[in-house]
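Student: Here the sequence shown stands for residues 1 to 230, where the numbers follow UniProt numbering.
Don't take every hint at face value.
Here are the simulated lysine-lysine pairs, BS3-like style, with alpha carbons at most 30 Å apart [what the hints assert, rightly or not]:
1. LYS105 / LYS17
2. LYS112 / LYS17
3. LYS59 / LYS9
4. LYS57 / LYS112
The set of hints was computed from the structure by calculation and includes no laboratory data.
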Amino acid sequence: MQRFAGRNKEMIRLCTKIPEKFAVTAEMLKPFLQNDTLRSELSNKRFFVIDHSILNKSKKGNGSVVCSPIALFYRRNDDKIVPIAVQLFQDNADDNPVSFPSDSKYTWILAKMWFNNADACVPQSISHLGYTHIVMKGFAVSVHRHLSQSHPMFKLIAPHFMYMMTINELAVGTLLKKGGFIDTVVSVGTEGAFELPNQMEAQRGRNAPGQPQREGCRQPRSSFLLPLLG
1 MQRFAGRNKE MIRLCTKIPE KFAVTAEMLK PFLQNDTLRS ELSNKRFFVI DHSILNKSKK
61 GNGSVVCSPI ALFYRRNDDK IVPIAVQLFQ DNADDNPVSF PSDSKYTWIL AKMWFNNADA
121 CVPQSISHLG YTHIVMKGFA VSVHRHLSQS HPMFKLIAPH FMYMMTINEL AVGTLLKKGG
181 FIDTVVSVGT EGAFELPNQM EAQRGRNAPG QPQREGCRQP RSSFLLPLLG
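Model the full structure from these sequences, guided by the hints.
Tutor: Here is the structure:
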């Protein structure tokens with residue numbers, strides 16, 4: 001459920017074709033399919049994929065390892081959506097194996113753990129630091145400079161900027177400083193955290209669609225595809 005309604009829900013996509021860089025075959029996935037073949041289940045829109053390729057060349061904080069994983073999710077007959085394959089890096093190579101639920105207990109747990117670690121770096125750096133704080137600071141300054149406090153738009157937007165400037169200044173001096181919390185705890189470190197929002201914007205382009213259109217690009221979140229959200 002958190003993959004579709006949690007803090008990083010923008011990254012998941014309907015999977016209609018297994019990516020070439022994802023080293024899985026129909027035979028490998030067959031034990032986890034409840035109905036038919038891989039081809040038919042792809043046609044039935046039962047697969048979803050998260051591809052964190054944006055982390056592939058990300059800076060690393062404090063000597064950390066930063067994975068750039070791909071994960072495949074499957075909608076079972078009971079409508080639960082579960083992970084069935086995790087590849088921790090982008091290259092289809094012998095030293096980059098794919099992990100499955102049928103692997104040993106701790107191998108599968110570790111694969112999911114490293115995926116989730118990468119999955120946490122993306123919203124923390126892009127959605128939170130990038131869009132919520134850095135980008136919105138410019139909007140906050142513009143609103144206070146150019147709109148009257150009696151303007152309807154000011155009344156609508158201003159409450160959302162409350163304490164943001166203070167939080168930003170405190171964060172730069174504490175959380176985001178060299179050797180600070182982000183640098184030592186988050187795998188991408190401070191440099192990576194600042195770099196990832198720029199990478200995302202370059203990837204999307206200046207004329208990228210807004211939020212409603214981006215949701216459409218991910219495929220409609222209909223009750224047919226996601227009964228839990230219907």
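Student: Would you mind marking each hint as holding or not holding in the structure?
Tutor: Hints and how they fare:
1. Taken as a hint, the LYS105 and LYS17 pair is honoured in the structure, with Cα atoms around 28 Å apart against an allowance of 30 Å.
2. Straight-line distance between C-alpha atoms of LYS112 and LYS17 comes to about 22 Å, which keeps the hinted pair within the 30 Å bound.
3. A hinted pair counts as satisfied when its Cα atoms are at most 30 Å apart, and LYS59 with LYS9 qualifies at roughly 23 Å.
4. Taking the CA atoms of LYS57 and LYS112, the gap is near 21 Å; set against the 30 Å cutoff, the hint holds.
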